[in-house]
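**Q** Listed below, chain by chain, are the residues.
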Amino acid sequence: MIGRLQLKFWLVTLGVIHLAIVGAGFFAPYDPAEQDRENPYSPPMKIRLVDEHGRIHLRPFFYATRPSERSFGRVEEDPDKMGQMYFFVSGPSYRLLGFIPARLHLFGAEGSRFHLLGTDGFGRDLFSRILYGGQVSLLAGLLGAACTLLVGGLIGTTAGFYGGWRDVVFMRSAELFLALPWLYLLFALRAFLPLTVRPLEAFLLVVMVLGTVGWARPARLVRGVVLGAKERDFVRAARGFGASDGYLLARHILPETSGVLLTQAAILVPQFVLAEMTLSFLGLGVPEPAPSWGNLLAALQEYSVLVSYWWMYLPAFASIPFFVGYLGVANALHVDRMTGKIDSERR
Amino acid sequence: MRQEGAASLRRWFGICFLSACALFLLGITSSAQQSNPAPELLSVPGEAGQRGGRLVLALRAEPKTLNPLTAADAPSREVIGAMQADLIHINRATQLTEPALAKSWKVSPDGLQYTLTLRRGLRFSDGQPLDSDDVLFTIRLYLDESVHATQRDLLIVGGKPITVKKIDASTLVFQLAKPYGAGERLFDGLTILPRHLLEKPYLDGKLPQSGTLSTPANQWAGAGPFRLKEYIPGQKLTLERNPYYWKSDTKGNTLPYLDEIVFLFVPSAEAQVLRFQSGDTDMISRLGAENFSVLSRQQRGYAMTDAGPGLEYNFLFFNLNELGEKASPEMARKSKWFHETKFRQAVSYAIDREAIVRLIYLGHGAPLWGPVTPGNPRWVNSSIPRPARSLEHARSLLKDAGFSWTRGAGAEEELVDSGGKSVEFSVLTSSSNNDRTKMATLIQDDLKQLGMRVQVVPLEFRSLIDRVTQTKEYDSCLLGIASFDADPNSDLNVWLSSGGQHLWNPSQAHPTTPWEGEIDKLMEQQLATPSHEQRKKLYDRVQEILAENQPMVFLASPDILAGAKNAVGNFHPAVLEPYVLWNAEQLFLRNGHDSSR
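If you read the protein sequences in the order shown, they are chains U and A.
According to my numbering, the residues represented by the first sequence are 1 to 347, in order.
According to my numbering, the residues represented by the second sequence are 1 to 597, in order.
Chain U on its own, in the form it takes in the complex (with noise of 0.2 Å):
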């Protein structure tokens, strides 16, 4: 019961994350590409209730900045420029789940922008561009999970349940693939690539090579439990009763490879948004000027970056959720797994 209530809330957790992420157009309200080149290196803006004199405003606002006078290379709050926010405001157009156009944003400003987690060197708001950055993250993650268990549960099971030369063949190559130098294989990969593919397509194709060559480890589990169930007595039977090989997969070998399906999957996918992440950070990944979390991080390459503007490390903290969400419901699966196991043979 434990395991249930913690699958539920981490479910919850991670359904709030990927809402942010999927809606990301309604909730930033700048587009990520947009340079104000007014104001690089700006950092996170405060929400004020109470302005410089006292007064208590009902409409929250914040201050403008400006180039500090003080110290060179600085910025601060111009109390004589206020912008106000509003709710449920009408921005810059965007497409909702890539296909439905809209303007509504969940907030906006008026009389200035507002950066609520700063804007980075080209005056790009970085709270936009950490939603945005987002959904291509999720999507490397997703779609190379996919790519992984598809392929490797399709070996996995071949190997496992005809046996033989088949299995002695996969399970060599699975081997071989695990010593593969992926990082490597991907310089050269995107070397090989022609410049005129568009950067998202040259991306994707890049995820789901590495999500092709990932399958190894997923195929070497499902072997074990197909093994498993391949000796199970009502398989047996059912063979006995002359139950087809196609027959034997679907209704009683493959329901076993769920459970390890659903773990794999649940720890797979903040892998390939790990992965994701390394080649955007060194520049493998997707191109500029869309946002990733990887190539936002990217900009931490440098020194004066690094020393100067606290707020870029932010993209960092964002992915953090995400995959102690991930991680967490990975873990109740597994406990659940166990648990319902225990359960069922109890009674």
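Don't take every hint at face value.
[What the hints assert, rightly or not] Sample of chain A residues lacking proximity to chain U, with all beta carbon distances greater than 10 Å (derived): (1) Asp-73; (2) Gln-151; (3) Asp-168; (4) Glu-199; (5) Lys-247; (6) Phe-265; (7) Trp-379; (8) Gly-419; (9) Thr-529; (10) Glu-544; (11) Asn-549.
[As the list claims (entries may be wrong)] Pairs of lysine to any residue residues, derived as SDA-like cross-links and limited to a Cα-Cα distance of at most 25 Å, are as follows: (12) Lys-230/U x Tyr-162/U; (13) Lys-421/A x Phe-99/U; (14) Lys-565/A x Val-307/U.
The hints are simulated quantities; they were obtained by calculation from the structure and are not laboratory data.
We put the beta carbon where it would ideally sit given N, CA and C, even for glycine.
Mind docking chain A on chain U? Use the hints.
**A** This is chain A only, laid out in the frame that chain U set:
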């Protein structure tokens, strides 16, 4: 009383003896001077400093060689610059020529003959004398094709190599086939090499093995202010003071002041900033604007200097090569846009140069509309138009050229050519150059506002150059060129249509367009014109043609940024290479600076 007398007598004798000794010693030194004359020192203006101390600075990479014949990389040139000397030198601060190993020179009225007189009593850093035989030998090496000297091109004037005649031990006559516009600037960079060390390896065909980093310190010499002391692979290179150097300060003290210069090998710009901040190095140069502003903000015991715009010009250029028969229809279509002058002009109008200077150089740079930067006041054509960014103007130019706009599949506006195809192309940048990659991101956004879809492709530098000059498979490219001299001749290879660095369409047999032909003519004309005014007029026209036809869309030029500890005296960064070490002999450390680390 007697005792006192005896004592005074003894003292008197003592004084007599001492003065006799002194006279005798004087006699010896004066006779030595007659047999080997004292060097004619060149007195240089500047703050008189104090002797001693060790200056530490960082190099981005290890120098590949110490031999000027084969040095092509920046670290090698930087180190060699402190070890070698040339006949006539370009002062990096004034950008004018001044005497060096040659104390004076005369030019014949037809501009074909240069008579150079060497300084008296010159010696290499190993104490061996330097005379006109060394100069003859050096020129012979430079001109020998089998040596592959980088300086060979400089010595070919009017299609023929320069000839040298020795008049006596200190006088030489250089004969040119055609008058050379830049005149005696020709001699800058022609470092004079030691014949006594190189003649045997040269005749044995072992020249490539001499003057490398593995050469023992006593087997290598130059006429520069410093000489090799020690090289520890992967760690550092130490130079020590050359006691035979030929310059003095205003007080008559022989230069250089420093005992040692240590080059540490620190591979990344970030690490160099950290080493300078922690006090490991005394000077820092080749700084990016971001790091410069970090260092300026936290100044402690050091001062940062902005020497103004350098000679580096950054530009965007399009693939204007003639397509072969194998070219895909897509390439042919793009090539048609790029060949349209109005298309290139529209791109130029749409680019926000001020934003590049503000966001990427943080104000430490200058916007450009031509290849000559404000850092080169003698040659810049200040009358070429510097239009402000105007999207309206860009749109009207594109409309004139047959382009139009549609609302594409997205809500965004799209530029389409006369055939209805959307305008979409890629920009190559060097992935190792952060500034240029950022520039490309700004330009991408600028051009998006014209409806052009631009993809930025950062490539490793070598494969980028390969694409631009060899396979020619690219749409456009963002690059920068840093001229080594302020004179237009240093960029001859870029502007001549036959040049290998004529990037948009390199190494043409005949100029493809009339304006490229005109540039060729003007550049060759200025090459043979002696008067600066005349040459300036010709080069001004070249700049006008470039601005009009926009084969390169000029963007911006970064300032030369450097810094040094307050203890370093005579620190005056220049906009010409080597930015901080050009006056290495005059650098000194003020009292109280702890040089023993």
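**Q** Taking the hints in turn, state whether each one holds.
**A** Status of the hints after comparison with the structure:
Here Asp-73/A stays apart from chain U, with its beta-carbon at least about 24 Å from theirs, past the 10 Å limit. Every Cβ of chain U is farther than 10 Å from the Cβ of Gln-151/A; the closest lies at roughly 36 Å, confirming the non-interface assignment. Even its closest Cβ contact with chain U, about 57 Å, leaves Asp-168/A beyond 10 Å, as expected for a residue assigned away from the interface. Residue placement check: Glu-199/A keeps its beta carbon more than 10 Å from all beta carbons of chain U (closest about 47 Å).
No beta-carbon of chain U comes within 10 Å of the beta-carbon of Lys-247/A; the shortest separation is about 38 Å. Its beta-carbon lying about 18 Å from the closest one in chain U, Phe-265/A satisfies the requirement of being farther than 10 Å from that chain. Chain U leaves Trp-379/A outside its interface by the beta-carbon criterion, the shortest separation being 31 Å against a cut-off of 10 Å. Remark: the non-interface label on Gly-419/A is consistent with the geometry, its nearest Cβ contact in chain U lying 18 Å away (cut-off 10 Å).
For Thr-529/A, the condition that its CB be more than 10 Å from all CB atoms of chain U holds, with the nearest at approximately 43 Å. With a least CB separation of 30 Å from chain U, Glu-544/A remains clear of the 10 Å interface cut-off, as annotated. For Asn-549/A, the non-interface assignment is confirmed: its Cβ lies about 26 Å from the closest Cβ of chain U, beyond the 10 Å cut-off. With a C-alpha separation of about 10 Å, the suggested pairing of Lys-230/U with Tyr-162/U holds against the 25 Å cut-off.
Our distance criterion of 25 Å between C-alpha atoms is met by Lys-421/A and Phe-99/U, whose separation comes to about 24 Å. Of the pairs offered as hints, the one joining Lys-565/A and Val-307/U holds, with about 21 Å between alpha carbons and a cut-off of 25 Å not exceeded.
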